[in-house]
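Trainee: For the protein sequence lines, the chains are B and L, in the order given. Residue 18 is where the first sequence starts when you use the working numbering, and the numbers rise one by one after that. Residue 13 is where the second sequence starts when you use the working numbering, and the numbers rise one by one after that.
Source of the hints: derived by calculation from the structure; they are not laboratory data. Mixed in with the good hints, there may be bad ones.
[What the hints assert, rightly or not] Below, a list of computed lysine to aspartate or glutamate pairs in the EDC-like style, where the Cα atoms sit at most 16 Å apart: (1) Lys-92(L) <-> Asp-122(L); (2) Lys-239(L) <-> Asp-298(L); (3) Lys-241(L) <-> Glu-110(B); (4) Lys-239(L) <-> Asp-222(L); (5) Lys-159(L) <-> Asp-252(L); (6) Lys-102(L) <-> Asp-181(L); (7) Lys-189(L) <-> Asp-122(L); (8) Lys-241(L) <-> Asp-19(B); (9) Lys-186(L) <-> Asp-142(L); (10) Lys-272(L) <-> Glu-23(B); (11) Lys-267(L) <-> Glu-110(B); (12) Lys-278(L) <-> Glu-86(L); (13) Lys-241(L) <-> Glu-23(B); (14) Lys-194(L) <-> Asp-222(L); (15) Lys-241(L) <-> Asp-252(L).
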Amino acid sequence: MDYIFEGISEAFRLIFSSDVEFWNIVWLSVKLSFISTLLASFLGVPAAFILVLKKFRGRDLLITISNSLMSIPTVVVGLMVYAILSRRGPLGEFGLLFTQTAVIIGQTILILPVVVSLTVTTIKSLDKSVRETATSLGASPLQQFMVFFSEARFGVAACVITAFSRVFAEVGVSMMLGGNIRNYTRTITTAIALETSKGEFGLSIALGFVLLAVAFAINFIFLKFTHLYRTVD
Amino acid sequence: MTEYSFHPHIVKKLNVKEKQMKKMLAMILGLTILLSVSFAQEKQDKPEPVKLTLSTTTSTYETGLLDYMLPVFEKENNCKVHCLSLGTGKAIQVAKDGNADIILVHARADEDKFVAEGWGVNRKDVMYNDFIIMGPQADPAKIKGVKSATEALKMIADAKQPFVSRGDDSGTHKKEKAFWKKLGITPVSAKDSWYMEAGQGMAATLKIADEKSGYVLVDRATYNFQKGKTRLIMLMEGDDDLLNPYGIIAVNPEKFPHVKYDLAMKMIEFFTSDRGQQMIADYKKDGAQLYFPNFKNPRVCK
Numbered sequence: 018m019d020y021i022f023e024g025i026s027e028a029f030r031l032i033f034s035s036d037v038e039f040w041n042i043v044w045l046s047v048k049l050s051f052i053s054t055l056l057a058s059f060l061g062v063p064a065a066f067i068l069v070l071k072k073f074r075g076r077d078l079l080i081t082i083s084n085s086l087m088s089i090p091t092v093v094v095g096l097m098v099y100a101i102l103s104r105r106g107p108l109g110e111f112g113l114l115f116t117q118t119a120v121i122i123g124q125t126i127l128i129l130p131v132v133v134s135l136t137v138t139t140i141k142s143l144d145k146s147v148r149e150t151a152t153s154l155g156a157s158p159l160q161q162f163m164v165f166f167s168e169a170r171f172g173v174a175a176c177v178i179t180a181f182s183r184v185f186a187e188v189g190v191s192m193m194l195g196g197n198i199r200n201y202t203r204t205i206t207t208a209i210a211l212e213t214s215k216g217e218f219g220l221s222i223a224l225g226f227v228l229l230a231v232a233f234a235i236n237f238i239f240l241k242f243t244h245l246y247r248t249v250d
Numbered sequence: 013m014t015e016y017s018f019h020p021h022i023v024k025k026l027n028v029k030e031k032q033m034k035k036m037l038a039m040i041l042g043l044t045i046l047l048s049v050s051f052a053q054e055k056q057d058k059p060e061p062v063k064l065t066l067s068t069t070t071s072t073y074e075t076g077l078l079d080y081m082l083p084v085f086e087k088e089n090n091c092k093v094h095c096l097s098l099g100t101g102k103a104i105q106v107a108k109d110g111n112a113d114i115i116l117v118h119a120r121a122d123e124d125k126f127v128a129e130g131w132g133v134n135r136k137d138v139m140y141n142d143f144i145i146m147g148p149q150a151d152p153a154k155i156k157g158v159k160s161a162t163e164a165l166k167m168i169a170d171a172k173q174p175f176v177s178r179g180d181d182s183g184t185h186k187k188e189k190a191f192w193k194k195l196g197i198t199p200v201s202a203k204d205s206w207y208m209e210a211g212q213g214m215a216a217t218l219k220i221a222d223e224k225s226g227y228v229l230v231d232r233a234t235y236n237f238q239k240g241k242t243r244l245i246m247l248m249e250g251d252d253d254l255l256n257p258y259g260i261i262a263v264n265p266e267k268f269p270h271v272k273y274d275l276a277m278k279m280i281e282f283f284t285s286d287r288g289q290q291m292i293a294d295y296k297k298d299g300a301q302l303y304f305p306n307f308k309n310p311r312v313c314k
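Start from the sequences and build out the full structure, keeping to the hints where you can.
Mentor: This is the structure:
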């Protein structure tokens with residue numbers, strides 16, 4: 018129990034401190050997660066629309082694969098990207114391993130299936146009449162997309178938030194591809210792993226609380242701005 | 013939106029939603045700009061000092077030794093050392109994959125193999141610390157007072173008292189396996205009821221041993237700052253077999269032309285210089301010296 022109390026008081030101390038290294042770690046976590054969520058969304062949301070709106074062979078298989086990939090362990094994504102970015106790997110010449118870019122690549126791959134699968138489910142759950150109305154009124158594919166996106170945007174936003182949460186909390190990819198380098202690739206989660214391995218359980222719990230606080234703040238801002246839960250009519 | 017020939021209800025909905033969508037897009041755009049600006053600034057702020065990647069063990073990093081020594085080296089050579097703190101097995105593998113310029117590890121047999129296979133060059137002894145054996149105060153295997161670590165481990169195995177192993181292929185784990193090999197025992201985690209592999213770092217393994225009231229092989233640095241936090245006590249120390257020497261090796265530029273060999277050699281010089289060795293000797297935590305210089309007249313295990 019001591020650890021938890023120690024963790025809570027330490028978390029408060031950290032949040033109200035002006036420790037530059039600590040705030041850099043928090044900022045890096047936010048920055049990397051945000052960029053990879055953005056990338057995964059720009060790739061994943063249109064992909065999901067294509068998967069739902071276009072009819073082609075192997076579509077269900079692709080959706081099933083995407084669904085399964087949601088449960089890929091973070092360390093496995095980390096290892097695969099490691100093999101590709103490693104100096105002895107196909108993209109070794111760029112020297113990307115153990116950089117922030119490497120983490121972004123890995124994290125984007127990690128959450129792409131989350132964005133795709135959840136968005137597919139969201140669009141599918143839309144009332145059929147939306148599509149029927151649109152097509153019967155002769156909407157072009159682009160217009161169809163617009164209508165669908167507009168109808169589904171609350172759901173899509175929720176998918177994006179889910180993806181962000183997954184990536185913000187993950188440690189395997191950041192550790193494997195970033196290397197937990199101080200002042201460079203150390204994020205909240207890799208710092209937690211380090212402090213735990215040092216036996217500083219109290220500090221680890223504190224960082225966990227900080228992570229939750231930051232996640233809360235980000236979700237709060239996001240909801241405020243998008244009025245996600247305010248009904249239109 | 014008026015050119016859409018949708019039902020007026022949908023059009024109205026679309027108009028309202030468009031406003032919100034615009035807001036959302038504006039927010040995303042704003043944040044993207046903010047992020048790219050912060051990226052760009054980071055690039056401008058620093059005239060990119062040369063980056064040297066050091067692959068090392070968790071112990072050297074977590075005891076704070078590197079945070080204490082490296083800034084001096086960085087300042088004098090205008091470089092930035094990127095420390096990867098990994099278990100020894102992983103630290104060596106990362107270097108074999110060409111992803112580090114220099115390694116600082118403690119597993120003599122593996123270090124020699126690393127050099128013999130051509131991955132590394134110019135291995136130097138840097139420092140040593142030593143291992144101790146900790147266990148419960150009651151000491152049910154009666155190892156207190158025994159002089160040989162090998163003998164002590166045999167007594168633990170014979171008495172079938174809980175022993176918690178790192179089990180992570182780290183230098184400490186390799187050390188422990190060497191003892192079992194000497195004894196001709198190959199304990200298997202869980203199958204041998206007394207033997208457990210944690211697969212975690214030193215402090216975490218010590219915590220498990222504490223919970224299980226078991227014995228554990230611990231490096232002295234970890235012992236020094238964990239001793240107040242555990243119920244276990246030190247039961248044996250001082251056997252030469254328990255020495256834990258560290259070596260530093262530059263990655264072979266013939267294998268990997270991109271490595272920063274010259275800078276790596278400078279770091280080896282730094283650690284083995286009189287000044288570097290003195291810094292190692294001076295490094296103390298809670299008043300206890302953690303590492304002992306070992307470049308001149310190196311001490312090795314029997």
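Trainee: Work down the list of hints and note, for each, if the structure agrees.
Mentor: Okay, the hints, checked on the actual structure:
Distance check on the hinted pair: Lys-92(L) and Asp-122(L) sit about 27 Å apart at the alpha-carbon level, beyond 16 Å; violated. At roughly 11 Å between alpha-carbon atoms, Lys-239(L) and Asp-298(L) fall within 16 Å of each other, so this suggested pair holds. A distance of roughly 46 Å separates the Cα atoms of Lys-241(L) and Glu-110(B); the hinted pair therefore is violated under the 16 Å criterion. For the suggested pair Lys-239(L) and Asp-222(L), the alpha carbons sit about 11 Å apart, so the restraint of at most 16 Å is met.
For a cut-off of 16 Å, the pair hint linking Lys-159(L) to Asp-252(L) stands: about 10 Å separates their Cα positions. Distance restraint check for Lys-102(L) and Asp-181(L): the Cα-Cα separation of roughly 8 Å lies within the 16 Å cut-off, and the hinted pair is therefore satisfied. For the hint pairing Lys-189(L) with Asp-122(L), the CA-to-CA distance comes to about 13 Å; that is within 16 Å, so the pair holds. A distance of roughly 12 Å separates the Cα atoms of Lys-241(L) and Asp-19(B); the hinted pair therefore holds under the 16 Å criterion.
Taking the CA atoms of Lys-186(L) and Asp-142(L), the gap is about 14 Å. The hint holds against a cut of 16 Å. Distance hint between Lys-272(L) and Glu-23(B) is unfulfilled; the C-alpha atoms sit about 43 Å from each other, more than 16 Å. Using a Cα cut-off of 16 Å, the hinted pair Lys-267(L) and Glu-110(B) holds, with the two alpha carbons roughly 14 Å apart. Proximity of Lys-278(L) to Glu-86(L) is assessed by CA-CA distance (about 11 Å); at most 16 Å being required, the pair is judged to hold.
Proposed proximity of Lys-241(L) and Glu-23(B) is supported: the alpha carbons are some 14 Å apart, at most 16 Å. Annotation: proposed proximity of Lys-194(L) to Asp-222(L) is violated, straight-line Cα distance about 26 Å (limit 16 Å). Between Lys-241(L) and Asp-252(L) the CA atoms are separated by roughly 27 Å; this puts the pair beyond 16 Å, and the hint is violated.
Checked against the numbered hints given earlier, the structure breaks hints 1, 3, 10, 14, 15 and satisfies all the rest.
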